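There are 2 protein chains.
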Amino acid sequence: MIVIKVGGGANIDIDAVLSDVHQLWKSGTPLVLVHGASHETNQLSEKLGIPPRFVTSESGHVSRFTDSATLDAFAMASGKLNLRVVEKLQRIGTNAVGLTGVDGRLLEGARKDAIRTMVDGKRIMLRGDHTGTIEKVNVDLLRLLLDHGYLPVITVPSISYAGEAVNADADRAAAAIASALAASHLVILSNVPGLLRDVNDQASLVARTTVAEAETLAKGRFKKKVLGAKEALAGGVGEVVFATANQTSPVQAALAGGGTHLGRSSLGKDPA
Amino acid sequence: MIVIKVGGGANIDIDAVLSDVHQLWKSGTPLVLVHGASHETNQLSEKLGIPPRFVTSESGHVSRFTDSATLDAFAMASGKLNLRVVEKLQRIGTNAVGLTGVDGRLLEGARKDAIRTMVDGKRIMLRGDHTGTIEKVNVDLLRLLLDHGYLPVITVPSISYAGEAVNADADRAAAAIASALAASHLVILSNVPGLLRDVNDQASLVARTTVAEAETLAKGRFKKKVLGAKEALAGGVGEVVFATANQTSPVQAALAGGGTHLGRSSLGKDPA
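From first to last, the protein sequence lines are chains X and V. Sequence positions in the first sequence follow the working numbering and run 3 to 274. Sequence positions in the second sequence follow the working numbering and run 3 to 274.
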């Protein structure tokens, strides 16, 4: 089982990813595809006059502050993107079914309605956030679809225990799904080739690393991807790969050794 | 099996519908819910600067002209509405799963890329329409979900044979679903009590009618609902009911005799 996460950001060659997904699917590899919708949400929010608001936590993670209007924009953007991804997969012959984390409580966890952030060196608490963590995955629903020939295409929002649609990080959602499915690989595709020792030098790509080193190397929003990788490995996933979506057969290239690889041994728990 | 269609229009008490859906579901009645998204799409299109465009066919049916930007708006609006409906059902304890007609090619048919319309008494042909009819329903996917305890919540777009997401009439989509599932009832809820002999007199509600009479009584966009009813009855559905969503337990009220009822005998095919 392979779980593939592809960013919803600008400069992502989604067609290359979907074509590769189709090839793997046709060859009989069980797959789940997870996508983000940040870029679409930002664009739509600007058009609707609700500019995105990002906050940085004390630990340095960057998060979107999701008020109710932003969650609506997020639902619209992710709904459209999910439809378009499923449409493209159907057009090339992959029997995709789109799901949000709300469907069948696919991705469930606690809502955090407040977010701690630093403003001018002071801690402040922002309330009214519609954000959640993912603690449970409805594996039965995924297996039901997979066992009957459907490729699940998953997007957040997720759902809180109280039944509220909430925003959640798509990389960590992919990690939770990969863990729940005991995936051999979680492939996280973005518009960068992987973890770099020097962000200005593509040749400084780190081919294999540990979680501890990845935590040091990751900058900005890549920190969330490393957090997702750590959670996936701790959850039993065999290997996590960070790679670029923008190449021919990006998933197969990542599985064949491209990008940055983190194995279970890199957690220091399960030497392999 | 009961298929319930609820409009996405303004002045629809969706909470009353969902609460009733929950009660029926809890009691073990197999159900499928279909919703429209016209109102949300119109609102969003206006905000995005792409005002909705409606055209009237030679036979007097009113349709939305769906260019590519409008289909995107439609995908966004229906995606958000679907998420919110599934969220509300999950919150009250119904295990809903949202689907578009593109998912698993749930609702499939021919695309019509041109639309004939009358402008100033002249026939004109508008090209670039992303609209389709529904000729096939993926019943296996619906039964798979129903058999495993999930309530399908369905919205258009549908998918063309060529794999394009297309707009389709939600009433006729509900009719196709009800036919495919051999439903005993198709309940079409809107913001009017049913078919009226006099549109200005709510007391002129027609409790039971034939398709032929309904075709005479229906005005404006209600004609599409009657067309849906005709298709459903021809497809083997036991009874079609037009009723208002805006009352306590609207589905149960409709099943108990409220609104306007059309039975199979009204087609003149299967006298009962």
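These aren't lab readings, by the way, just hints derived from the structure by calculation. Be aware that a few hints might be false.
The list treats identical chains as interchangeable, and a pair is accepted whether it falls inside one copy or across any two copies.
Below, simulated DMTMM-like cross-link-like pairs (lysine to aspartate or glutamate); rule was C-alpha separation at most 25 angstroms, straight line [to be verified]: (1) Lys232 x Asp200; (2) Lys221 x Glu166; (3) Lys28 x Asp200; (4) Lys28 x Glu166; (5) Lys49 x Asp69.
Nothing here was measured: the structure is a model prediction, and the numbers come from that model.
Structure-based check of all given hints:
1. In the homo-oligomer, the alpha carbons of lysine 232 and aspartate 200 lie at most 25 angstroms apart inside one protomer (22 angstroms), although the nearest pairing across protomers, at 67 angstroms, exceeds that limit.
2. In the homo-oligomer, the alpha carbons of lysine 221 and glutamate 166 never lie at most 25 angstroms apart, since the shortest distance is 31 angstroms inside one protomer and 39 angstroms across protomers.
3. For the homomeric pair lysine 28 and aspartate 200, neither the shortest alpha-carbon distance inside one copy (38 angstroms) nor that between copies (58 angstroms) is at most 25 angstroms.
4. Within a single copy, lysine 28 and glutamate 166 get their C-alpha atoms only as close as 36 angstroms, which misses the 25 angstroms cut-off; across copies the closest is 21 angstroms, which meets it.
5. For the homomeric pair lysine 49 and aspartate 69, the shortest alpha-carbon distances inside one copy (17 angstroms) and between copies (19 angstroms) are both at most 25 angstroms.
The earlier numbered hints that this structure contradicts are 2, 3.
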